[in-house]
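Visitor: Those sequence lines, one after another, are chains A and B. Each residue of the first sequence is one higher than the one before, starting from 133 at the first, in my numbering. Each residue of the second sequence is one higher than the one before, starting from 2 at the first, in my numbering.
Just so you know, the hints here were simulated from the structure itself, not pulled from any lab data. Glycine residues also receive a C-beta, built at the ideal position from the N, C-alpha and C atoms. Take the hints with a grain of salt, since some may be wrong.
Claimed, not checked - Heads up, simulated EDC-like pairs for lysine to aspartate or glutamate below, C-alpha to C-alpha not over 20 Å straight-line:
| id | chain 1 | residue 1 | chain 2 | residue 2 |
| --- | --- | --- | --- | --- |
| 1 | B | K108 | A | E488 |
| 2 | B | K193 | B | E158 |
| 3 | B | K46 | B | D98 |
| 4 | B | K193 | B | E156 |
| 5 | B | K108 | A | E485 |
| 6 | B | K175 | B | E158 |
| 7 | B | K108 | A | E532 |
| 8 | B | K108 | A | D496 |
Said to hold, decoys possible - For each label pair, taking beta carbons as the anchor points, the in silico distance ranges come out as:
| id | chain 1 | residue 1 | chain 2 | residue 2 | range |
| --- | --- | --- | --- | --- | --- |
| 9 | A | I504 | B | G33 | 19 to 29 Å |
| 10 | B | G33 | A | G619 | 49 to 59 Å |
| 11 | A | Q455 | B | G33 | 23 to 33 Å |
| 12 | A | R445 | B | A141 | 48 to 58 Å |
| 13 | B | K185 | A | H451 | 48 to 58 Å |
| 14 | A | D609 | B | L176 | 41 to 51 Å |
Said to hold, decoys possible - Only part of the chain A face toward chain B is listed, based on derived beta-carbon distances under 8 Å:
| id | residue |
| --- | --- |
| 15 | R512 |
| 16 | R519 |
| 17 | I611 |
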Amino acid sequence: MSTSGDLWTAWRGRLRANWVALLLPLVAADTLGLFGGPFPVLLVIVTVALALLAPAESAKLAPFAAFGYAGYGLFLQHAVLMGESPQVTYGILKVGSADNAGWVLPQAAAFLVAGVWLLGLTGGPGGGAVRRAVAQLRGTDGQPKTVPALLLLPAIFLWEELFSEQLWFGWFAVGRVVALLLVIAAVAFVVALPRAAASLAVVGIGLLGLYGALVAGHRLLTSGVPIPTPVPPAPYTTWFYGAVPLNAGTSGLPAVVQGVALLGFAGLLVPRLVTWGADAELASRAQALAHRVDRLTQTRTGATEVAVAELRRIERDLHDGAQARLVAVGMSLRAAEQLMPTSPDAALALVAEARETSSRALADLRDLVRGIYPPVLADRGLADAVRALALDTPLEVTVEVDVPEEPPMPVAAAVYFGIAEAITNAVVHSGATTVLVHVAHAEDMLRAQVTDDGHGGADPSLGTGLAGVERRLAAFDGILAVSSPAGGPTIVVIEVPCVLSSAKTSSC
Amino acid sequence: MRVVIGEDLFLLRDGLVRLLEAHGFEIVAAVGTAPELLRALTELKPDVGIVDVRLPPSFTDDGLRVAIEARQACPGLPVLVLSQYVEQLYARELLADQAGGVGYLLKDRVFSDAAFVEAVRDVAAGGTVLDPEVVSRLMARRTRSGPLAALTPREREVLALMAEGRSNAAIAAKLFVTDKAVAKHTAAIFAKLDLAVSDDDNRRVLAVLAYLNS
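When you get a sec, could you build the whole thing from the sequences and use the hints?
Guide: Encoded structure:
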């Protein structure tokens, strides 16, 4: 039972959890002065209703409203640059006022950054990338701490340029747009490639420091001589170096101090870069290990299943074959024993029957042994085992083996059974007359290829045989691939990483 | 007839010795390892050696290798190889020297001692005796090319029985035909396999070898 009080509490909780949604009506309200007519008012009403009724969805929309608002700022800035004085407010600014002209762009950039931050917060589309970048910045969530907060320093310099009257980028209108684009690019860069961004930030700080130390130092030494820079366009009168104005009359000392301080700072950060590099390497190694563990867990399960299925088959074969026949032998002999005194002829017949049955039990055991570990494979290794297999196949099978040294037994067995399965399929399904088996070892990879001249069209997903082989191979990181276009030929390829050397350090 | 036995399982070795002695063979040595067997075969030069494929020290195909090595040292030394399983590959290797006097049988064939003793005598006399299982697997092979493709089904049947070491008379009895008919078939087989006229035993060995190598 829920009361209206409960509903109210629940709704308040939802709203508090999705406070970002309130940005929507705020942004909408700010467009009131831009358009005439009832449209903005309607928009405000709709967004308020949306924020109140569907806070979670609205919160996901909010970052994009922030991006849109940043774009709106760019538009206003453009209008100002074109000599217009739009009489609207943009956030906390009255855009029409000449004093505020320099503040529109910073505010737009602030909304851009806020949008990125909110994106990570609300989990809207694109939020995952932002959260990963934040995790790297903080060194949380199993991620290495690869990017320092100091990365923001070049952004601060850009920022300062946005505040100042003049830019490094020439004519100020173009320069500001370039600066804003740089901020956007920097944010994207940090999100996408945090480690590269960190390195670049350190280099950037160093270069800024060098610039100040050299240019301002030169000016200090030749005191009073103007720095050979282009004359700032009217109404601007001053070039800035960071926070330091480079007026014709001022001393270059503060600029030198700032330059040297920046250089030192960059110097401090360089060793950190190495640490970040090591962190990154550790992280990538940890990730690779995690993948490996996943794969091993998977293939171990597969291998265990294959082994259990094998044991079940062997047990069944023994139970229905040799074991049953030996029981029959025992019974025949027992009956013969009883018949011996009374009717020796009948007893003799029973003994002959027992002998026959024991022969068949042996034949059963032979077949079973072939399926477990073929004798020729045990005696001679892979090459002769495949040759023996070819001799027992009712097709013309050509065998080419180019393996300098015998692979480890389990690998050889897995590859052997893979080849056997492929040949069996060729005999049973393909309508082939000849089969080519090629086994070679190159670049630490044992590769077997079985090609038949049949009609193709084999679907490896239909049979269980090849799937079993595949799982067995997977235990050695081996793979099996089948190519069987309609009309043939069918090619089965088996590849197992395998180092052939007396030092058994490999995974095979 | 002097016999050397190489078999590592005591029960089986003992059984073989008793079985052969009961049939009037003289067992000059019964050993259990490959090196001992090689020495016995090359030094004692028996009329026939009976060899288990799997022997110590490596328990792989040591016995087979000893048999081949002994035949290299003493060409034509008759050897009957016994095994728990038969492989065409091994049969080929045994017959490769074309000297005859080779047998290759499943161990269970010892169960019927009359046939087994006959096989031992055949091998000692220079004949070729292949286990019916090897032969049946040969038969399963589809031969689309080579000289064997030219044989008629009946001739293939005769060749298969020849490979099992049967004499013309035995083949005739088995196929319910006259000796003369079998002789005609064998002559046809020899002609089709392009085997020059020589003594009949040698041609039989070569025919079986051609059969194995098809």
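Visitor: All hints are to be evaluated individually against the structure, with a verdict given for each.
Guide: So, going through the hints one by one against the coordinates:
1. A threshold of 20 Å between alpha carbons decides the hint, and for B:K108 with A:E488 the separation of about 13 Å falls inside it, so the pair holds.
2. Of the pairs offered as hints, the one joining B:K193 and B:E158 holds, with about 15 Å between alpha carbons and a cut-off of 20 Å not exceeded.
3. Our distance criterion of 20 Å between C-alpha atoms is met by B:K46 and B:D98, whose separation comes to about 18 Å.
4. Using a Cα cut-off of 20 Å, the hinted pair B:K193 and B:E156 holds, with the two alpha carbons roughly 10 Å apart.
5. Restraint check for B:K108 and A:E485: the C-alpha separation of about 18 Å stays at or below 20 Å, so the hint holds.
6. Between B:K175 and B:E158, the direct Cα distance comes to roughly 10 Å. Compliance with the 20 Å bound is thereby established for this hinted pair.
7. About 32 Å separates the Cα atoms of B:K108 and A:E532, which puts this hinted pair outside 20 Å; it is violated.
8. A threshold of 20 Å between alpha carbons decides the hint, and for B:K108 with A:D496 the separation of about 14 Å falls inside it, so the pair holds.
9. Between A:I504 and B:G33 the beta carbons are some 26 Å apart, a value that agrees with the proposed interval 19 to 29 Å.
10. One distance hint, 49 to 59 Å for the beta-carbon pair B:G33 and A:G619, holds here, with the actual separation near 58 Å.
11. Between A:Q455 and B:G33 the C-beta distance comes to about 29 Å, which sits within the given range of 23 to 33 Å.
12. The beta-carbon spacing between A:R445 and B:A141, approximately 24 Å, falls outside the hinted interval of 48 to 58 Å.
13. At about 50 Å, the beta-carbon gap between B:K185 and A:H451 stays in the expected band of 48 to 58 Å.
14. Here the CB-CB span from A:D609 to B:L176 is close to 56 Å, at odds with the stated 41 to 51 Å.
15. Hint on A:R512 holds. Least Cβ distance to chain B is approximately 7 Å, under the 8 Å limit.
16. Annotation: interface hint on A:R519 holds; nearest CB of chain B at approximately 6 Å, less than 8 Å.
17. Taking 8 Å as the C-beta cut-off, the interface hint given for A:I611 is violated, the closest approach to chain B being about 29 Å.
Hint compliance for this structure: hints 7, 12, 14, 17 are broken, all remaining hints hold.
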